[in-house]
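Peer 1: Top line first, the protein sequences correspond to chains F and B.
Take the first sequence: its position 230, counted from the start at 1, is 230 in the numbering used here, and no numbers get skipped.
Take the second sequence: its position 255, counted from the start at 1, is 255 in the numbering used here, and no numbers get skipped.
Wrong hints could be hidden among the right ones.
Which copy is meant is left open, because identical chains are indistinguishable; a pair holds if it fits in one copy or across any two.
[To be verified] With a cut-off of at most 30 angstroms between alpha-carbon atoms, the simulated DSS-like pairs for lysine-lysine come out as follows:
1. LYS371 <-> LYS349
2. LYS253 <-> LYS224
3. LYS188 <-> LYS153
4. LYS188 <-> LYS278
5. LYS161 <-> LYS553
6. LYS372 <-> LYS278
7. LYS446 <-> LYS372
8. LYS371 <-> LYS188
9. LYS153 <-> LYS579
10. LYS394 <-> LYS282
11. LYS372 <-> LYS188
12. LYS553 <-> LYS371
13. LYS253 <-> LYS161
14. LYS282 <-> LYS307
15. LYS224 <-> LYS579
16. LYS406 <-> LYS446
17. LYS372 <-> LYS349
None of these hints come from the bench; they were simulated from the model.
2 protein chains.
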Amino acid sequence: MTAVHVPAAKRRPAAVVAAPLELPVHGQVRAVIDAVLPAVDGGRFAVKRIAGEPVPVEAHAFADGHDAIRVRLLWWAEGAAAEEIEMRPTHNDVWLASFTPPLPGSYRYTVTAWVDAFQSWRQELMRRVEADDIRVAAQVGARLIDAAAARAKGDDHGALKKWAAALRLQAAAAPADASAADAAGALKALALQAPLAELADRYPQREHAASFAPELPLLADRPKARFSTWYEMFPRSAADEAGRHGTFRDVIKRLPYVADMGFDVLYFPPIHPIGRDKRKGKNNAVNAEPGDVGSPWAIGAAEGGHKDILPELGSREDFRRLVAQANALGIEIALDIAFQCAPDHPYVKQHPQWFRWRPDGSVQYAENPPKKYQDIYPFNFETEDWRALWQELKSVFDHWIAEGVKIFRVDNPHTKAFAFWEWVIAAVKREHPEVLFLAEAFTRPKVMHRLAKLGFSQSYTYFAWRNSRDELTEYFNQLNQLPGRDTFRPNVWPNTPDILNEQLHGGLRSVFGARLVLAATLAANYGIYGPAFELMEGAPRQPGSEEYLDSEKYQLRRWDLTRADSLRELIARVNRIRKDNAALQADTELRFFPTDNEHFVAFAKRTQDGKNVILTVVNLDPHYRQSGWIDLATDWLGLEPNAAYQVDDLLNERSYIWRGSRNFIMLDPLFTPAHVLRLRRSVRSERDGDFFQGQPG
Amino acid sequence: MTAVHVPAAKRRPAAVVAAPLELPVHGQVRAVIDAVLPAVDGGRFAVKRIAGEPVPVEAHAFADGHDAIRVRLLWWAEGAAAEEIEMRPTHNDVWLASFTPPLPGSYRYTVTAWVDAFQSWRQELMRRVEADDIRVAAQVGARLIDAAAARAKGDDHGALKKWAAALRLQAAAAPADASAADAAGALKALALQAPLAELADRYPQREHAASFAPELPLLADRPKARFSTWYEMFPRSAADEAGRHGTFRDVIKRLPYVADMGFDVLYFPPIHPIGRDKRKGKNNAVNAEPGDVGSPWAIGAAEGGHKDILPELGSREDFRRLVAQANALGIEIALDIAFQCAPDHPYVKQHPQWFRWRPDGSVQYAENPPKKYQDIYPFNFETEDWRALWQELKSVFDHWIAEGVKIFRVDNPHTKAFAFWEWVIAAVKREHPEVLFLAEAFTRPKVMHRLAKLGFSQSYTYFAWRNSRDELTEYFNQLNQLPGRDTFRPNVWPNTPDILNEQLHGGLRSVFGARLVLAATLAANYGIYGPAFELMEGAPRQPGSEEYLDSEKYQLRRWDLTRADSLRELIARVNRIRKDNAALQADTELRFFPTDNEHFVAFAKRTQDGKNVILTVVNLDPHYRQSGWIDLATDWLGLEPNAAYQVDDLLNERSYIWRGSRNFIMLDPLFTPAHVLRLRRSVRSERDGDFFQGQPG
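So here's chain F without its partners, still in its complex pose (with noise of 0.2 angstroms):
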């Protein structure tokens, strides 16, 4: 290891040490405020919630010695004026509120605390016993309240004047003789009445208030961002003939068959010109044949760049019709950016200083020596130039914002600067807080966690490499765990363009059943890339390879929709299931439960308040009938230890009695790959035997 020093003079003189420590600017400061949470990296980046939802926080709170606090948390929009919201003390110093930011954007909360003398002053009385202590005690409290009412506005300041003077005129005539104790009895009754604490209490003294610093950051989002169901598709292959590159309004036609199965965002690759300059071929060859239309990513060519639509694929209007006949049909329109040219991109002559450029005077292209992908030109965000760069990229995302689009799927953000990440999201969103965000980063864990940190709404997981058992309880445990939990949304896909698992490369309809299964119950985000997944796509450009076979990504596909051994109305009744039930529509709540046959995963979800509950019960073993025995934890459930209750299959329609912790699964993967089942709390009833009364949740 190598030590460097760095001469004094970069930090402060020695001499300093030797002076006296300064006395704080406040010194009278009792109260502390040790914590307030949720809170990522100490308030560097911005927890993330839902607008219109509560979002719970929790300060620990506390003062020197049996005084008496308060504590308030204070939460505003950003720019707008604060509220305060008294926080109740729960047990070990912990105090809770909650706020709800009612749209989306971005908002601060904080926490205010102070010595209450007031309520010190009551809550000692409330102790005292002594006539002589009581009457001392009516005199403090009439200052105390002297105090309040000089803080006191209108009729308040008046009749706070009045319980002072009260309780100064009663502790003076209490008599010193035999009477003493019941005189001081009705005097400690009059100084504790209720109204005069809740007068009191309006106008504390609040000058020697503790703050915790920082204020907090919070990022609302539109529910979206917790809850939606993608479809990922190629609008190029959706045209009905075979061999005709399809258009927008190919796409529109597509829309009912999109919309029937249950999705809400349609999101398409790169709709811009592609470029020509070495181009590649079918199946990723080096160099195109005549007639091959390239990849979408290599984005720009002489008809235009990121803000053009490819002319194939149609108009400008066409486009906006799509939006709009989407959004009809409860579709958003979700595009693609990624921020890379082709060599005929009009950036590389407009803006040359935003590349790197080689000393044989080309420009360097991306590469991973010695894979090289000389179609694609990586910006470089070391450029002197970088303040146009990211102006220019952000009005990107400004267009296709004027165009309709609120979605954004990001390619390869990992591979851009991250402090441009944290700019432009805020920046975008600063000015459209319902703009969302998705990570499009198959990278290291901390890598993935700090672009959500810095703002995507949400992220791509490795859920296509979990498979088993244990994988999948490890992972979706891990994702669900603090911090990551308050900024990483999961967006999880079991198969992607440039993902083809090899769990699928039999295309056995017993693995997509289950993976989509999975998927859809485990994460309340969730894609399919299609048509490949619901007609089973699974046929790898090589043995082993993840590439698709004659991929999308090279060439047109045309697909036949209407095959009878579609999963199509597998995917309906499944995310139909989401939509009807709360639980799947949130991460928050999730829970695995062991099974002793380990071809079963066994799970729930559950809302925040318990009432709607779904297990999902899935066969991993794509060929064999299996069962055995899972074990429930019947507390988190909200189920009596031993009673019986009912468990309806919304997959399968039927329903089961089941009892207490363990039961009985067996499973066909012939028949379904899983159980989704919704729980009926069973009531009881020792009387009239009517068992079950619980309603479906």
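Given the structure of chain F, go ahead and fit chain B onto it with the hints provided.
Peer 2: Same frame as chain F, now just chain B:
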């Protein structure tokens, strides 16, 4: 819940929201430091460590894409120059380095990271295979080396220029014909030469380096903060003759007795003049009888206050002699600092504004209704004159530091303002970083932890009330957890003058022995209140009370130190074991092991290098012989799963051959409360049957 609206003017104007987000100042920074550990509350408080011991620091750092980064740890003593240490990558974007604060004091550390253009280039070059690529890469490298040369000094400048020229020359000379591959190979080998890399690494391009904010504080204490063995006694009870008031001279005679038992801190209750006004009598009687000596915590009388010595104890010179004699025997004197006053303390007349006055013209004494402590006036930390109060209280520490005292046990710090403690401890330590503070706060957990964060070097614990196996396991596992572990150093006491735990009431030798072994082996810092402890004093004032009958807090006591049943020899042996075994001198490596008999608690401590391991098994049943099995974590102990090994009982001078994880224990409280076993690792030699070769750790 009340909601109070604060006028918008108090916050940012709403108009700001609409303004576009400004660009950051440094947009070209591509390295990211996501976290630096350890850190307490995001850097709000100092991490506590020991001077002279390495502080491992972990950084989570990365950049976008595949570029190499370099990461450096910066650390400095407050006010001094920073030193940089190169961090090394481990796995998962975690980088490690450590620094060693040489002396007690305040330090800061942070991390800097940058994208390393030269190393990135070098790593790519290693993977390049095509001759053309290598030639271009050599030219790119030459540019980078030129840039490094421009930053270099002296001979290195010229050397780098030569490297750049050599690369250019050889790249230009590389033929394009059949020998191109060979020439490219030679060029690549030249470019990758280690001396070039070493030279270039010395002059990195750091213009766009990232720095982690904030600069994290660290408090380095002397080793005594980590490992100390305390003995508390009342000097006034140190006289040989019954009835005579003990003196410092008597304590000097007592020093060898304390030293022989192996204690290195001798702590006295307050030694100041004791108030006469409202003095309490024996057994806390409300009114003192003539001749009653009062409570040492009722500080201050005509003779003086917190900086003065009770005349009956001796002179200032006697105290100095005592400090010197103690030091000569390896013992430090610790004083009790109780910031409160008897009614006749000089402060009350000199600084009436430091106290709370009641409407009847009297000073508010301490009370917790209906309990009253008329002999104690607390300071009013809300006084407008708080600056003078704080400075005066600091001067009390300064006074006794000047008299040679470097350890203070602070009485009830949680009933004084927290802000005061943060300031006074920092202020004292700035001038005397060797001073240690023990917080006597038996209060709620978050309050105790806050005091530790504010700077207290050690803290009393709930140990006295943790008696069963499960209570001890849960409590010490909690203490051993982050984040408390970075600030809270437990100091564990089986008894104090205020705490005669019910377990001790019988005065049973087996109970005192077990509690001693538990305290001394569970915690690196522990203490006893003697001679009450070694003489097994167990009589409470009332049944069920934690107060001693005839407590020294209110009267003189005479102790027969020569009693045959004294625990002094057991104590001496236990403290000798602590001195001989580094495992018992820190609290970082503690592990409990399951036992099948709940009367046994079994745990081990080890040094961080694993060389010294002490395994303790205590029989918590004071009456009966118990037997059962313990289940060791052989891996954690550094043992082969099924190998045999020897354990040497340091308490009972016996050795046992054990094997693997499960071993049998039998302990009879008549003979010993515990095993304290030092592990010898077996090295089984297959050849010569020489079974045990391990050395005692």
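Peer 1: Decide, hint by hint, whether the structure agrees.
Peer 2: Outcome of the hint check:
Taking CA atoms no more than 30 angstroms apart as the test, LYS371 paired with LYS349 passes inside one copy only; the shortest distance there is 25 angstroms, against 86 angstroms between copies. When the C-alpha separation of LYS253 and LYS224 is checked against a cutoff of 30 angstroms, the pair qualifies only within one copy, where the shortest distance is 25 angstroms, while the shortest distance between copies is 79 angstroms. For the homomeric pair LYS188 and LYS153, the shortest alpha-carbon distance inside one copy (27 angstroms) is at most 30 angstroms, but the shortest distance between copies (83 angstroms) is not. Taking CA atoms no more than 30 angstroms apart as the test, LYS188 paired with LYS278 passes between copies only; the shortest distance there is 27 angstroms, against 91 angstroms inside one copy.
For the homomeric pair LYS161 and LYS553, neither the shortest alpha-carbon distance inside one copy (80 angstroms) nor that between copies (47 angstroms) is at most 30 angstroms. Taking identical chains as interchangeable, the C-alpha atoms of LYS372 and LYS278 lie at most 30 angstroms apart only when both belong to the same chain, with a minimum of 11 angstroms there against 90 angstroms between chains. For a Cα distance limit of 30 angstroms, the shortest separation of LYS446 from LYS372 inside one copy, 26 angstroms, qualifies, whereas the shortest one across copies, 57 angstroms, does not. Taking identical chains as interchangeable, the C-alpha atoms of LYS371 and LYS188 lie at most 30 angstroms apart only when they sit on different chains, with a minimum of 18 angstroms there against 86 angstroms within one chain.
Proximity of LYS153 to LYS579 under the C-alpha cut-off of 30 angstroms is found in neither arrangement, the shortest distances being 52 angstroms within a copy and 68 angstroms between copies. In this assembly of identical chains, the alpha carbons of LYS394 and LYS282 never lie at most 30 angstroms apart, being 32 angstroms within a copy and 80 angstroms across copies at closest. Taking the shortest alpha-carbon separations for LYS372 and LYS188, only the inter-copy value of 19 angstroms comes in at or below 30 angstroms, while the best intra-copy value is 86 angstroms. In this homomeric assembly, LYS553 and LYS371 come within 30 angstroms of each other (Cα to Cα) only inside a single copy, at 18 angstroms, whereas the closest approach across copies is 81 angstroms.
In the homo-oligomer, the alpha carbons of LYS253 and LYS161 never lie at most 30 angstroms apart, since the shortest distance is 76 angstroms inside one protomer and 66 angstroms across protomers. For the homomeric pair LYS282 and LYS307, the shortest alpha-carbon distance inside one copy (26 angstroms) is at most 30 angstroms, but the shortest distance between copies (90 angstroms) is not. In this homomeric assembly, LYS224 and LYS579 come within 30 angstroms of each other (Cα to Cα) only inside a single copy, at 12 angstroms, whereas the closest approach across copies is 63 angstroms. Taking CA atoms no more than 30 angstroms apart as the test, LYS406 paired with LYS446 passes inside one copy only; the shortest distance there is 27 angstroms, against 45 angstroms between copies.
Taking CA atoms no more than 30 angstroms apart as the test, LYS372 paired with LYS349 passes inside one copy only; the shortest distance there is 22 angstroms, against 86 angstroms between copies.
The structure shown violates the earlier hints numbered 5, 9, 10, 13.
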